[in-house]
Amino acid sequence: MDSDLSPQDKKDLDKFIKFFALKTVQVIVQARLGEKICTRSSSSPTGSDWFNLAIKDIPEVTHEAKKALAGQLPGIGRSMCVEISLKTSEGDSMELETWCLEMNEKCDKDIKVSYTVYNRLSVLLKSLLAITRVTPAYKLSRKQGHDYVILYRIYFGEVQLSGLGEGFQTVRVGVVGTPVGTVTLSCAYRTNLAFMSNRQFERSAPIMGIIVDHFVDPPCSSQRPTHMGQPCNYRAPDEEDGGTFAGVQDSQEVCTTSFSTSPPSQVGHSPRSFSLVQNLKVFNLSSKNDKHQQFLTVSTLDDLEFSPFVYALGLPLQVLHAGKEGGVVLVPAQPPHGADAHLTVEHAPNTPSSSGDDDGLSQSAEGRRDEGRRSVSPSDPVESLSAFTRKVGAFVNKPSTQITAASLDLPFADSFTYSSNILHSQGSEGSGQQDDFVMVDFRPAFSKDDLLPMDLGTFYREFQNPPQLASLSLHISSQSMADDLDSLPEKLRVYEKNIDEFDAFVDMLQ
Amino acid sequence: MLALLHTILLHRSTGKFHYKKEGTYSIGTVGTLDIDCDFIDFTFVRVSSEELDRVIRKAVSEFKDALSNSGSDGMGQISLEFYQKKKSRWPFSDECIPWEVWSIKVNVVNLANEQERQICREKVGEKLGEKVINVVEVINRHEYLPKMPTQSEVDNVFDTSLKDVQPYLYKITYQITDSLGTSVSTTMRRLIKDTLAL
Numbered sequence: 001m002d003s004d005l006s007p008q009d010k011k012d013l014d015k016f017i018k019f020f021a022l023k024t025v026q027v028i029v030q031a032r033l034g035e036k037i038c039t040r041s042s043s044s045p046t047g048s049d050w051f052n053l054a055i056k057d058i059p060e061v062t063h064e065a066k067k068a069l070a071g072q073l074p075g076i077g078r079s080m081c082v083e084i085s086l087k088t089s090e091g092d093s094m095e096l097e098t099w100c101l102e103m104n105e106k107c108d109k110d111i112k113v114s115y116t117v118y119n120r121l122s123v124l125l126k127s128l129l130a131i132t133r134v135t136p137a138y139k140l141s142r143k144q145g146h147d148y149v150i151l152y153r154i155y156f157g158e159v160q161l162s163g164l165g166e167g168f169q170t171v172r173v174g175v176v177g178t179p180v181g182t183v184t185l186s187c188a189y190r191t192n193l194a195f196m197s198n199r200q201f202e203r204s205a206p207i208m209g210i211i212v213d214h215f216v217d218p219p220c221s222s223q224r225p226t227h228m229g230q231p232c233n234y235r236a237p238d239e240e241d242g243g244t245f246a247g248v249q250d251s252q253e254v255c256t257t258s259f260s261t262s263p264p265s266q267v268g269h270s271p272r273s274f275s276l277v278q279n280l281k282v283f284n285l286s287s288k289n290d291k292h293q294q295f296l297t298v299s300t301l302d303d304l305e306f307s308p309f310v311y312a313l314g315l316p317l318q319v320l321h322a323g324k325e326g327g328v329v330l331v332p333a334q335p336p337h338g339a340d341a342h343l344t345v346e347h348a349p350n351t352p353s354s355s356g357d358d359d360g361l362s363q364s365a366e367g368r369r370d371e372g373r374r375s376v377s378p379s380d381p382v383e384s385l386s387a388f389t390r391k392v393g394a395f396v397n398k399p400s401t402q403i404t405a406a407s408l409d410l411p412f413a414d415s416f417t418y419s420s421n422i423l424h425s426q427g428s429e430g431s432g433q434q435d436d437f438v439m440v441d442f443r444p445a446f447s448k449d450d451l452l453p454m455d456l457g458t459f460y461r462e463f464q465n466p467p468q469l470a471s472l473s474l475h476i477s478s479q480s481m482a483d484d485l486d487s488l489p490e491k492l493r494v495y496e497k498n499i500d501e502f503d504a505f506v507d508m509l510q
Numbered sequence: 001m002l003a004l005l006h007t008i009l010l011h012r013s014t015g016k017f018h019y020k021k022e023g024t025y026s027i028g029t030v031g032t033l034d035i036d037c038d039f040i041d042f043t044f045v046r047v048s049s050e051e052l053d054r055v056i057r058k059a060v061s062e063f064k065d066a067l068s069n070s071g072s073d074g075m076g077q078i079s080l081e082f083y084q085k086k087k088s089r090w091p092f093s094d095e096c097i098p099w100e101v102w103s104i105k106v107n108v109v110n111l112a113n114e115q116e117r118q119i120c121r122e123k124v125g126e127k128l129g130e131k132v133i134n135v136v137e138v139i140n141r142h143e144y145l146p147k148m149p150t151q152s153e154v155d156n157v158f159d160t161s162l163k164d165v166q167p168y169l170y171k172i173t174y175q176i177t178d179s180l181g182t183s184v185s186t187t188m189r190r191l192i193k194d195t196l197a198l
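Chains as they are written, first to last, in the UniProt record's numbering: chain A, 1 to 510; chain B, 1 to 198.
Possibly wrong hints are sitting among the right ones.
[Said to hold, decoys possible] In silico lysine to aspartate or glutamate, EDC-like type, Cα no more than 16 Å apart, as pairs:
1. A:K66 x A:D14
2. A:K143 x A:E35
3. A:K139 x B:E126
4. A:K18 x A:D147
5. A:K139 x A:E35
6. A:K139 x B:E122
Worth flagging that the hints you see were computed from the coordinates, not collected in a lab.
Can you build the whole structure from these sequences, using the hints too?
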């Protein structure tokens with residue numbers, strides 16, 4: 001292979017690849033500094049303007065990159081990776097992206113090194129410039145400040161994508177074939193920002209959906225709590241341990257203790273940054289007087305546009321609505337009743353059911369009778385804000401479940417308060433465990449105006465709690481069955497009498 | 001008004017699409033600039049060349065004016081074409097042979113209130129991101145690029161009129177169709193049909 005290349009070409013190629021790698025790192029890191037980059041075009045090139053692009057060289061970045069490369073070049077099996085992660089001021093961190101410069105064995109012998117390869121590498125760098133502004137981490141990095149910072153790490157060798165959570169997306173920036181292999185530049189970025197949002201929001205402005213999502217979304221719940229509970233090691237792939245819900249409990253405690261007042265302006269940053277949170281699931285629970293398992297309905301939310309609504313019978317619920325404007329409207333709950341508070345205390349420390357139940361919860365209400373667990377950390381009593389409402393249970397698929405709800409409040413920054421309720425349902429089926437549900441208050445979307453909440457909210461409420469269908473209730477249905485059965489013989493007699501009429505009718509139809 | 005703003009946004013970001021193609025002819029380097037879109041939450045990179053920026057903006061605002069004049073629910077298409085000039089020996093003028101054409105279809109939307117606008121903003125921002133990725137993908141296929149010309153032929157391939165950067169020869173054209181979907185060709189067709197029907 002090497003013999004096909006002239007020594008000069010080989011040298012050039014190595015040089016190109018080395019500087020390409022260095023420039024790639026520069027571009028990526030500069031794109032995540034949080035500032036807009038501006039360089040000038042000039043008609044007289046300088047020595048450091050590789051690939052005809054004016055990319056400034058930040059000395060420490062170069063130093064780090066050279067250290068990671070340690071004299072080697074990215075080659076087959078030796079990829080150069082730049083990992084971008086986010087670290088909050090509490091010390092939690094989360095991997096956001098991994099950029100990989102890889103080489104594979106597919107060679108392009110006919111290509112001219114000094115010319116075509118160079119130009120294509122240059123085009124690839126330009127593509128990199130563009131793509132670095134498109135991934136979600138760019139927006140996050142533009143807003144970094146005292147809440148969180150963006151960190152980078154360069155490593156060489158095997159690509160590690162495990163810290164990106166489930167459902168991460170990959171975008172390929174481009175490929176360039178060379179006589180010794182094909183250079184590929186790609187980026188894998190996280191789409192599930194739930195952990196981050198949970199923490200972020202609890203510090204500044206909780207968004208209802210996020211909180212729920214934290215506990216609902218299986219990958220999130222299985223991974224994040226352990227992170228939150230421990231000093232972050234973003235490389236640790238050991239998030240999938242069982243018993244992660246114990247971590248949930250920890251995280252709750254961590255959450256509560258980490259509250260601090262932060263200016264409302266910070267809220268403005270959050271919602272749009274986390275518009276990538278997917279699969280928000282909300283559970284509707286209703287309470288009736290029965291021992292049966294509670295049914296759950298799930299609505300999936302996108303982009304925090306809708307506020308999930310959950311009901312508890314006779315208990316205050318809170319809903320946080322991620323306003324598009326970045327404002328989070330919180331409705332506080334009243335301090336729990338004595339009994340409810342008791343339940344809260346009782347059930348909150350219970351070991352949550354496994355994350356598998358979350359999957360169960362996410363099924364449609366018709367089929368499932370699973371129990372899930374929602375828990376929110378207890379908090380101080382919340383001051384009341386406007387628009388506090390009490391809701392009645394909704395979406396009853398089966399009559400009756402004994403549910404008691406306890407309301408928990410999360411303290412919140414400044415004028416924001418958040419509280420959620422834990423529902424305890426005594427299930428006769430399912431896992432047999434006692435589970436809690438979080439009931440969150442309902443705040444209709446787009447309720448910025450004064451008038452809208454009244455209409456939309458009332459509408460939702462009214463039609464969330466349809467009265468029990470008569471035919472669905474057991475007593476009545478059994479009764480009607482009996483009645484039907486009784487009346488059948490009579491009806492048969494009448495029909496037999498009129499059989500001639502019916503025959504004539506049928507003939508007419510034919 | 002909203003519709004106009006909407007189109008402006010789109011247009012301010014279309015400017016970047018063709019910058020990928022530009023090259024420097026071993027003369028100089030190309031600087032880059034991050035531009036934030038005013039109305040959409042999107043940032044794109046463009047070449048730091050004021051002249052080029054001016055040219056693009058002018059073309060885009062013409063397109064925008066044409067769109068807004070056509071009615072409230074217009075559709076339009078703006079095309080960026082890269083071409084090569086071929087000198088003909090005959091007493092004909094030079095031929096322009098396009099080797100790459102980018103077409104961007106634009107729909108003008110009327111948004112009723114603030115909430116809709118917000119949703120739209122986010123959607124457009126995401127879509128733009130996807131489009132950038134598409135553009136990059138296509139460009140990286142390296143399908144065809146004109147050969148690097150010799151000194152004398154530079155003008156046939158590159159636009160040397162700008163002093164700091166040198167993009168490939170390009171031209172921007174646009175066409176507008178109004179909400180009824182009519183355009184020059186459809187009107188002609190209709191006319192012919194009508195005359196034939198008589």
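These are the hints, each one checked on the structure:
no., hint, in the structure
1, A:K66 x A:D14, "holds (14 Å)"
2, A:K143 x A:E35, "holds (9 Å)"
3, A:K139 x B:E126, "holds (12 Å)"
4, A:K18 x A:D147, "violated (36 Å)"
5, A:K139 x A:E35, "holds (11 Å)"
6, A:K139 x B:E122, "holds (13 Å)"
Going through the hint list in order, the structure does not satisfy hint 4, though it satisfies all others.
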